[in-house]
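Peer 1: Using the sequences plus the hints, can you model the full thing?
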Amino acid sequence: MIVERPRDLLIKKILAHGFLIAFIALIMFPFLVVVSISFREGNFTTGSLLPDRPTLEHWYLAFGIPFTRADGTVVQPPYDVLLWMFNSVKIGSIAAIGIVMVSTISAYAFSRVKFAGRAWLLDAMFIIQMFPTTLALVALFAIFDGLGAVSPILGIDSHWALILVYMYGVTLHIWTLKGYFDSIDPALDKAAQIDGATPWQTFRHVFLPLAVPMIAVVFVLAFIGIINDYPLASVLLRSEDNLTLAVGSRLYLNEFKYLWGDFAAAAILSGLPITVVFLLAQRYLVSGLSEGGVKG
Amino acid sequence: MTDIAAKAPPAAPSVGLAWLGRALVAGLTLLALYAVWVLYLTDQPLLAALVFASAAGFALVFSFKRFYATRFIFPGIVAILLFVAFPVIYTIYLGFTNYSSFNLLSLDRAQAVHLAARIVDDTTERPFALARDPAGYRVFLPEGDGGLLSDPVAIDGTPATVPTAPVTAAPADLLAIKDMLPLRDALALVEVTLPDGTLLKQSGLRTFAKTQPQYELQPDGRLVSTVDGAVLTPDNSRGFYVNEAGEAIPPGWRVEIGWKNFERIFTSEGIRAPMLSIFVWTLVFATLSVALTFALGLLLASVLQWPHLRFKPLYRLLLILPYSVPGFISILVFRGLFNQNFGEINLILEYLFGIAPTWNTDPWLAKTMILIVNIWLGYPYMMLLAMGFLQAVAEDHKKAAALEGAGTLRVFFTITLPQILPPFLPLLIASFAFNFNNIVLILLLTRGLPDIPGTVIPAGQTDILGSFTYRISFMDSGQQFGLAGAITLIIFLVVTLIAYANFIAMRRAANKGGN
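For the protein sequence lines, the chains are A and B, in the order given. So the first sequence is numbered by this note's numbering: it starts at 1 and just counts up by one. So the second sequence is numbered by this note's numbering: it starts at 1 and just counts up by one.
Wrong hints could be hidden among the right ones.
[Claimed, not checked] Computed footprint of chain B on chain A, listed as stretches where at least three residues anywhere in the stretch have a Cβ under 8 angstroms from a Cβ of chain B: (1) 58-64; (2) 89-95; (3) 165-177; (4) 210-220; (5) 243-251.
Hints listed in this document are in silico derivations from the structure and should not be mistaken for laboratory results. Yeah, the Cβ is synthetic: ideal placement off N, Cα and C, and Gly gets one too.
Peer 2: The structure is reproduced here in C-alpha cells:
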C-alpha cells in the first residue's frame, strides 16, 4: 500500500502465502481423497491416501466394462454411468436450447422494444425469478401424472416432460441477457432504424450476431444448471435407464448398497468434463450475474 | 437506452410469404387447441384454460400488425406463465385439497375402481390349464378324464370372450405354471363361456370361476353391494365413499378441504412442533451460510487483492475449484467422506485425535456438517463477487486513511466494507433466498436425517422447509401432497418477502451507483 518496511513486508508475504497454501490444502482434500479411492481395492475405507495395491477395477466399471480380478472373479458394472451421462447431456442440451431461444428474444424485447407494461413486467420478473422450483414440485408431479394417462411421452418418467419443466429457467437468463443487451451502444440500433430496419430485422441482423458469445455463455450456464438439478429429475424420472447423472449417482451411496469406490471413479469421470466447461465459462458467469443483479 | 418505436413493417415481403405465415399461425393455434382439449379431458381445467388463453393470445398477436411489438415478448410471457407461475399457483391450490396417496384419483376413477371390483363365486371355482395352439392358446378346464376346451384365443392383452366345447381327453401341449405367469395380466381379460352360458374368468393362479361385480351403481351415484346390500355414499366433503357406519372406503378422490391442512400445521402438536423447529433451522441455516461464505470469500478476496502477492492466477484457479465441480458430485463426495463408520474424515480424526464424531446420528454434528459442506460449496462465488467489488473501491480513500494512521483492519472496516456492502446486498439477499431453498444439498447429503423423535409425520433435524415438503410428498410418508402444498404457501410467502427486500436493495444500490 504505502511505504512498508522490507522486513514487515516479507513476514506479511510469508503469512499470506502460508494462509493460502494451508487453506487450499484443506479445500483440495476431498478431491485428493476421491482420486485415491477410485484406485483403491474394494468399496470400503482401508489403507492410506496412496493406495497400497492400486487397481483399475472402479475405472473399468465406471466405463461400463466388466472387470476380471486377479483371482478370476468377474465384476459387472453396478450402473450404466455412461448412459446416465448421455441422458443428462441430451436433456441439458435440448432444454438449454429452448431456454436460450425464449430468453434471447425476451431479453431483446425488455431491452429495446417499447410495449405497454414493460417496467411493470420487469419488476414482476425480478420477483418471480427468485421463486425456487421447490415451490412447483407437487404441481408438476400432479400435472405430468395426469398427462401420462394421455400420452407416456408427457408423463412421469419421460425425458420430454423433464425438458419442458426445465423451461422454468427462462426468467433468470432473461435477466442475464437483458443486462448484456442494455450494454450495447444504442447508436447501433438507431442506425439500423434510420436505415429502415424493423425491430425484428434489428434483432436478427444487429443484436443476434453481437450477442453470440453471451448467448453461448447463457447456454453453458443453463446447461450446467440443468445437469446439477436433483429435485425435479428425481420426482419426474423413475426407471434406472432413464435417470440423469445427478439422480443416478446417488444410488451409489445407498445405505444398503454402499459402493464408495465405484462412486469415486464414476464421479471423476462424469464431473471432469463439466468442471472444465465451467472453468472456461466462469469468467463471464460472474460478470453476467453481478451486472444482471445490480443494473436492473 | 433507446427504444425502438415499434411500428409495423412497412410492407410485407411478398404475398406468398404472408400467407405462409398465416397458415403457420393457424396451424400452431389448432395444435394448441388440441392440447387444450387433451388437458381438459385429463382433469386439468386450470391448465387447459391457461393454454387456451395462450393459444388465443398467440393467434391474436401474430395475426394483427397492431400487436407487432408484443410479438417479441409473447414467447417469454407464455413460458413464464406456463412453467413458473402456473405450477407455483397450482401447488398452492393443492394445499387446500386433501390430495394424497389416499385421495389420488378423480371421483370418476374412484367410482370405476369400485365398479371394477369383482367377487368370486367360490362354488363355481375350478382349475384350468392353457394349451398351446397355432392361433394362440386354448383354455382347458379339466373334468374327469376329459374336460372343456375353449376356442383359440390370442391372450395378448385384448379382452376376449371365447366359447368352450367338451372334449374327451386333455390336450397334449399344456403350459407349465412358470410359462403361464408372464401371461397372467393378459389372461385376466379373457372370459370363457361354458356350454350352459355361464361366464367364467380367471379367479386365481390356477383357477377360473364365475365372478360378479361387487357393487352396482345407483342413479343417484350411490353404490349398492350385490352381496349384502350395503350402501356406499359418495361424500364430497371427505373425498371418500362412506358406508352406513360412516367409515371411509378407499380409494378416495381429491376434494377441496379449505384450511384444514393449515389447521393441521398450526394446531396438531405432532406437526406444529417439528414444523417450528424446521422453520427455525431453515432460517439459521440460510443466515449462517450467507454470513460465513461472505466472510470467508471476502477475506480470501482481500488477500488475493494484495498488490505484493505473487501467483495470483494460480491461487484464484485453485480457490474456485469447489465452485466449478458439479454440486451434486461434491455433495455426494462429502456424504461419503463424512460417513461416521467408514468415511475418510473420521478415519483421520480417529488416527490424529482418537475421536469419531457421529456426523450421521447427532443432530448438532449433522447440522455442523451441512454448514461445513455448504461453506466449501459457496465461498468461491462470494470470493469472485468480492474481487469484482473490491476493485471498485478507490485506492486514494484507503491511502488517506492509512496516512492518518489507521491500521489495515481499521481501513478495511471503515473504508472498504461500507463501500462494497450496498452493491453486495442484493446478491447477499439472493444468496439467502437460494440457501433458504437449497434442497439439493439437504437431499443429497442427509435427506433430513436424523429424524426428530415423536412426530406425526417423519421430520428430520436437518430438514429445511423445502426438503420437508419434498419428503412428505415423495419419500416415506404417503405422498401428502395437500399438506406439502400448504407448506409451500408458507415458503412462498417467505420467498416473496425476501424477493421484495432484494428488489428494494437492488433499487437502492442502482440509485447510489448512479445507474
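Peer 1: For every hint, state whether the structure bears it out.
Peer 2: Status of the hints after comparison with the structure:
Under the rule that three or more residues need a Cβ within less than 8 angstroms of chain B, the assignment of the region 58-64 of chain A is violated, with 0 such residues. Residues of the region 89-95 of chain A with a Cβ under 8 angstroms from some Cβ of chain B number 0, which does not satisfy the need for three, so the listed coverage is violated. Residues of the region 165-177 of chain A with a Cβ under 8 angstroms from some Cβ of chain B number 6, which satisfies the need for three, so the listed coverage holds. Requiring three or more residues with a Cβ within less than 8 angstroms of a Cβ of chain B, the coverage given for the region 210-220 of chain A is violated, as only 0 such residues are present.
Using a Cβ-Cβ cut-off of 8 angstroms, 4 residues of the region 243-251 of chain A lie near chain B, which meets the minimum of three, so the contact claim holds.
The structure fails to meet hints 1, 2, 4 from the earlier list, while all remaining hints are met.
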